[in-house]
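For the first sequence, my numbering assigns the number 174 to the initial residue and increments by one for each residue that follows.
Treat the hints with care, since some could be wrong.
[Stated by the list, open to error] Derived DSSO-like pairs (lysine-lysine); straight-line CA-CA distance at most 30 Å:
{"id": "1", "residue 1": "Lys377", "residue 2": "Lys715"}
{"id": "2", "residue 1": "Lys861", "residue 2": "Lys954"}
{"id": "3", "residue 1": "Lys857", "residue 2": "Lys178"}
{"id": "4", "residue 1": "Lys861", "residue 2": "Lys887"}
{"id": "5", "residue 1": "Lys771", "residue 2": "Lys289"}
{"id": "6", "residue 1": "Lys857", "residue 2": "Lys793"}
{"id": "7", "residue 1": "Lys197", "residue 2": "Lys713"}
{"id": "8", "residue 1": "Lys195", "residue 2": "Lys771"}
{"id": "9", "residue 1": "Lys977", "residue 2": "Lys989"}
{"id": "10", "residue 1": "Lys321", "residue 2": "Lys711"}
{"id": "11", "residue 1": "Lys977", "residue 2": "Lys927"}
{"id": "12", "residue 1": "Lys954", "residue 2": "Lys209"}
{"id": "13", "residue 1": "Lys307", "residue 2": "Lys286"}
{"id": "14", "residue 1": "Lys197", "residue 2": "Lys401"}
{"id": "15", "residue 1": "Lys464", "residue 2": "Lys370"}
{"id": "16", "residue 1": "Lys445", "residue 2": "Lys464"}
{"id": "17", "residue 1": "Lys927", "residue 2": "Lys842"}
{"id": "18", "residue 1": "Lys494", "residue 2": "Lys527"}
{"id": "19", "residue 1": "Lys278", "residue 2": "Lys821"}
{"id": "20", "residue 1": "Lys597", "residue 2": "Lys417"}
{"id": "21", "residue 1": "Lys634", "residue 2": "Lys307"}
{"id": "22", "residue 1": "Lys913", "residue 2": "Lys886"}
{"id": "23", "residue 1": "Lys187", "residue 2": "Lys321"}
{"id": "24", "residue 1": "Lys927", "residue 2": "Lys209"}
{"id": "25", "residue 1": "Lys289", "residue 2": "Lys857"}
{"id": "26", "residue 1": "Lys444", "residue 2": "Lys464"}
{"id": "27", "residue 1": "Lys178", "residue 2": "Lys207"}
{"id": "28", "residue 1": "Lys711", "residue 2": "Lys322"}
{"id": "29", "residue 1": "Lys195", "residue 2": "Lys857"}
{"id": "30", "residue 1": "Lys477", "residue 2": "Lys527"}
{"id": "31", "residue 1": "Lys188", "residue 2": "Lys715"}
{"id": "32", "residue 1": "Lys927", "residue 2": "Lys289"}
{"id": "33", "residue 1": "Lys927", "residue 2": "Lys913"}
{"id": "34", "residue 1": "Lys178", "residue 2": "Lys861"}
{"id": "35", "residue 1": "Lys771", "residue 2": "Lys715"}
{"id": "36", "residue 1": "Lys876", "residue 2": "Lys989"}
{"id": "37", "residue 1": "Lys715", "residue 2": "Lys392"}
{"id": "38", "residue 1": "Lys808", "residue 2": "Lys858"}
{"id": "39", "residue 1": "Lys954", "residue 2": "Lys178"}
FYI, nobody ran anything at the bench for these hints, they're computed from the structure.
A quick note: this is a predicted structure, and the numbers were derived from the prediction, not measured.
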Amino acid sequence: MVKNKEYNFTEIEKKWQNYWEKNKTFKTEDFVDKPKFYALDMFPYPSGSGLHVGHPEGYTATDITCRYKRMQGYNVLHPMGWDAFGLPAEQYAVETGTHPSITTKRNIEVFRKQIKSLGFSYDWDREINTTDEKYYRWTQWIFIQLYKKGLAYIDEVPVNWCPALGTVLANEEVIDGKSERGNHDVIRKPMKQWMLKITAYAEKLLEGLEELNWPEGIKEMQRNWIGKSTGADVDFEVVNSSEKIRVYTTRPDTLFGATYMVLAPEHKLVKKITSQERKAEVEAYVKHAAKMSELERTGLNKEKTGVFTGAYAVNPVNGNKIPVWIADYVMLSYGTGAIMAVPAHDTRDFEFAKKFHIPIICIISPNKKEAKAAGANIQKILNGNECWVGDGKMINSSNDKGLDINNLEVTESKRTTIEWLEKKGLGKGTVNYKLRDWLFSRQRYWGEPFPVIHMEDGSIKLVPEKDLPLTLPNIDNFKPSGSGESPLANAEEWLSYTDPETGMRGRRETNTMPQWAGSCWYYLRYIDAINDNAAWDKDKEKYWMPVDLYIGGAEHAVLHLLYARFWHKVLYDLGYVSTKEPFRKLVNQGMILGLSYKDKRGVLVPADKVDSCDGRFYHKDTGEELTEFPAKMSKSLKNVVNPDDVIKEYGADSMRLYEMFMGPLEATKPWNTAGVEGVHRFLKKSWKMITEAEITNTQLSRKQLFVLHSTIKKVTEDTENLSYNTAISQMMIFVNEFSKNRELPKDAAQTFIKLLAPYSPHIAEEMWQILGNDNTLAYGKWPEFNEEYLKEEEVEILVQIHGKPKARIMMSPETKQDEMRKIAMGIPEVANALEDKTVRKVICVPGRLVNIVAN
RNA sequence: GCCCGGGUGGCGGAAUGGCAGACGCAACGGACUUAAAAUCCGUUAUCCUUUAGGAUGUGGGGGUUCGAGUCCCCCCCCGGGUACCA
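Produce the complete structure using the sequences and hints provided.
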C-alpha cells in the first residue's frame, strides 16, 4: 500500500483517462441482458472559441448519472458527437478562404480534447459528426422519406434578402431591418424554398406532450407554440359582388357585435373588392406593408394603421352592412387572413375602431364580480366606451332567423351559434393552430445538400437511395452567388445532371438543409453509429429507445425539441422507430453566469480592473468601492471562465464537483472560482483521510454507522433525483466526521470511495487502488444502506408553548404521544410557564416536537 | 401585455406543513511556523442585553393552521421566452 502520497491530481487524472481509453472501459455493448439506460447530452456546435463552463455542467450531470447507473447494474449508453454544420464556419470561409471542413475538423479536435480532459465516460466509438458524409447520407435519406410521405414541398416564401451583400440573411442576422454586418438595407424577397409540413403533426405533437416527464414550463411553451384554438370559419358576402370573405374566429358568439372586417394587406380579395375611388390609397398601403418585415409589422408598431377598401360585407347574423378594411395587424398566415372585428370585446379591434371612428356595439354584459376585480366600468362597457374581453351574459344577440343567444354564457352561446351557422350553411366549427410549416432550406454552402434534382420539364427527381450520400462539391469560393442562391450555384459541374436512363437534363437543388436537420435524429444514430447499410438497426433501436434522460440548455425548449419530436413521429408512422416520443425525461440545466462588478453609478467594471480585499472590491485605478453581482459571461467584462484553466489549477475532479455543487442543476447561478477552492479542499481532505489514516478492520461506532448509512441513503436518493449539490454536501459531512480519528475502518473507506466515484472518478479510482483493489471502480457495486443504522435511540424533542420554543429534551423517537405529553408537561420550565393557564390542546409529533396550546 | 421561472445571512445555497440558514465560500479569532502558504480548531442572520436571556427575521400585505420559507388570495421586484394568432 502506497502511503502519504500528495494529491497530485494532474498525474492521477492523466493516468485514469489513459486507463479508461486503453481498456475501453466505457465501450457499450448492445443487447446486454441488463436493464438499459440511455443518457443523452445535447451535442455541441464546435465553435472556434472552445468549451466554456456552461458545456460541462450538463455533461457532468449526465456523466454522474451514467456512472451511478453502471454501478447499479444498468447497461448504459452515453455518447457524444458534433453538431458541426452551421454559419460561423462558412462566414470564416468567406473571410479567409479556409474551407469549412478544415475549420470544423480543427474545432472538433479542440472540443474533443477539452471534453476528454474532464474524464467523461463516453463511448467514443459511437462519436458522430453531422458533417460526415457517412452521417448526412442518412439525414438525406430521412428527407427522402419525408418527401415520399408528402411532408416536404416547395413554396414561394419571403426571405431576408440583402441586395448590398448579395445574400440571404438569417433572422438573427437582421437587426431593425438592417444587416448585422455592414448595416445594409434588408428587404423581403420571395424565393422558392423547401417546407416541411409539421402542421400535419400539430395534434400529435400536442397530445404526445402528455406522456412526457419534462419540466411543465417547457411543455407549456410547446403547447403555446403549437397554439391550438377552436372556433369557427364564417362566410361574409361582399355587397355588390359574388365574392365571399371567409374569416376565422374563436368567438362566433360575438358575431352580433361585428361592426367591420379586416383583410390582411396581402389577401387575394383585396384587389377584387377595392372600389375605384379607394384604389390609390389601398395600393399604397399594400405596398408599404409589403416592405416591412413581419417583426416590424407585429412587434414595433403599437399604433394601429389601416385603410378602408370602399367595399361592404353583410354580417350573416343580422344582415347589417359593415365596412371592409385592410390593416397590417391582420396576418395572412394565420387563420384565413381575414377577421371580423368586434371592437367591444377585442382590445385590438377596439383600438382600431376608436382611431377610425367605427361603431362599437356591446353585446356582452360583463360578469359583475369579474368586472369589479378587473377594475372595469360596466356602464362605459355597455355604452361601447370601454372594451370588455371577459365573461358575461350575451345581450343584443338575436335575429328573426332562429338564432337567439341572449342571456347565455360565453361557452353556451358559442356552441349555439356554431350549430346555427352550420345549419344555415354560413360557416362551420374549426380548429386552428399557430404552428406554421417549417422553412427547411437555407441559401448556404455548409449544410446537407438536398438529394433533389430539378428536371428541365419542371419535375422533381430524387437522388436514388442507393446513390446517397449526395456530397458537397469541393469549392473554393464561398461568397454568395449574388442571385440569392447558395454558393453551390457556382459549382457548375456539380449542378448539372443528366438522367442516365432518359437522357433528360436537370439542375441540382442549390439550397442546403438548416442546422436543425442533423440534430433532429442524432440520438438514433448513436444507437448504431457505424452502420453503412441503414440509418440504424431496428433491433438495436428497440433495445435502446427511448432516451431515458436528456439534458441540455433551455434555449432549445421549443424549436429543436419540437422538430426532433416531429421527425420521430414521422419515423414512427413509417415503422422505423418503436416509440412515439424520443425523449422520456428532459432536464434543462441553468445558465452559468460570471461575476461582474459595478460602481455606485452602475457602471460596469471589467474583472481585470478589480482588486479584492477582506471580501470587498475596489477599482484598481480609482480605488472606488465596487459591488459584485452576477452577469452573463462576456469578453468585454473579462469574466469568462475557461475550463482548461480550472482543470490546470484544481483538476477535472474539482471542476466536476464544483459545477454540481454550485446549486441545483436547473438554476441559473454565478461562477465563483473561490467556490472551486472549497470543493478542492474537500477532495484533498478525502485524499488525506484515505491515504494518511490507519486503515483498520475495526467495528464502526454507532455514530459512525449512522453517518455512513445516512450518507449512502442521501447520496443514492439525491443522485437518483439529480440533486447533485446536496449529495456532495452529505459526502462533505461524512469526511468531516471520519477524518476526526486516526483510524479508518476499511468498509467505511471503500463505501465512501464508491459514493464519490460518479462525481470525481479519477481520485476515486486512485484511492480504490491505494486500498489494494486492482479493478476499475466503473462497474463496482453501488452501496446499499441499512435502515437499522439510521434509527437513533434518542432524539431531541422540542417543546413549544404556543408555537414558541421553550425547552428541548431527549427521548426515544418511538415514544408514544401520551408519554411525550407527560414528559413535556413534567419539565420544570414548562410547568412554570403553564402555571395559572389552562391547557387547551397538546400536539405531539413523535420524533419531532410537542406543542402546548394554553391560555 | 401574455406565458414560464425565481426572490431565504456578506455570497452560493439547504430545509416530507414541525427548532430557518445544512454544506461550502468569504470574514474574524486562535494553533502550528522565524515568517508566509498549506493545514487544523473555534466564532459568524439581525437588533437589544455584561451574562442569562429577549425581540425580530425567508420581497410586501392578508388568510388557512396548534404551527407557514413551504398551502391559499392580492401586490411588488428580478430573470428568461414570446409578441396584434382573430
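Is it true that the CA of Lys197 sits at most 30 Å from the CA of Lys401?
The hint is violated at about 49 Å.
Between Lys861 and Lys887, is the straight-line Cα distance small enough, at 30 Å or below?
Roughly 23 Å between the alpha carbons, so the hint for Lys861 and Lys887 holds.
Do the alpha carbons of Lys927 and Lys209 lie within 30 Å of each other, as the hint requires?
With a Cα-Cα distance of about 21 Å, the restraint between Lys927 and Lys209 holds, given a limit of 30 Å.
Would the pair Lys771 and Lys715 pass a check requiring their Cα atoms to be no farther apart than 30 Å?
Given pair Lys771, Lys715 is violated - Cα atoms ~55 Å apart, limit 30 Å.
For Lys913 and Lys886, compute the direct alpha-carbon distance and say whether it is at most 30 Å.
Judged against 30 Å, a Cα distance of about 22 Å means the pair holds.
Holds or violated: Lys187 with Lys321, Cα cutoff 30 Å?
51 Å, violated
Between the alpha carbons of Lys377 and Lys715, is the straight-line distance 30 Å or under?
21 Å, holds
Restraint status (C-alpha distance of Lys178 to Lys207 at most 30 Å):
39 Å, violated
When you check the alpha-carbon spacing of Lys927 and Lys913, does it fall within 30 Å?
With a Cα-Cα distance of about 21 Å, the restraint between Lys927 and Lys913 holds, given a limit of 30 Å.
Check whether the Cα positions of Lys597 and Lys417 lie no farther apart than 30 Å.
15 Å, holds
Are the Cα positions of Lys195 and Lys857 separated by 30 Å at most?
Holds. Lys195 to Lys857 sits at ~27 Å (cutoff 30 Å).
Would the pair Lys954 and Lys209 pass a check requiring their Cα atoms to be no farther apart than 30 Å?
16 Å, holds
Hints 5, 6, 8, 11, 14, 23, 27, 31, 35, 38, counting from the list given before, are not met by this structure.
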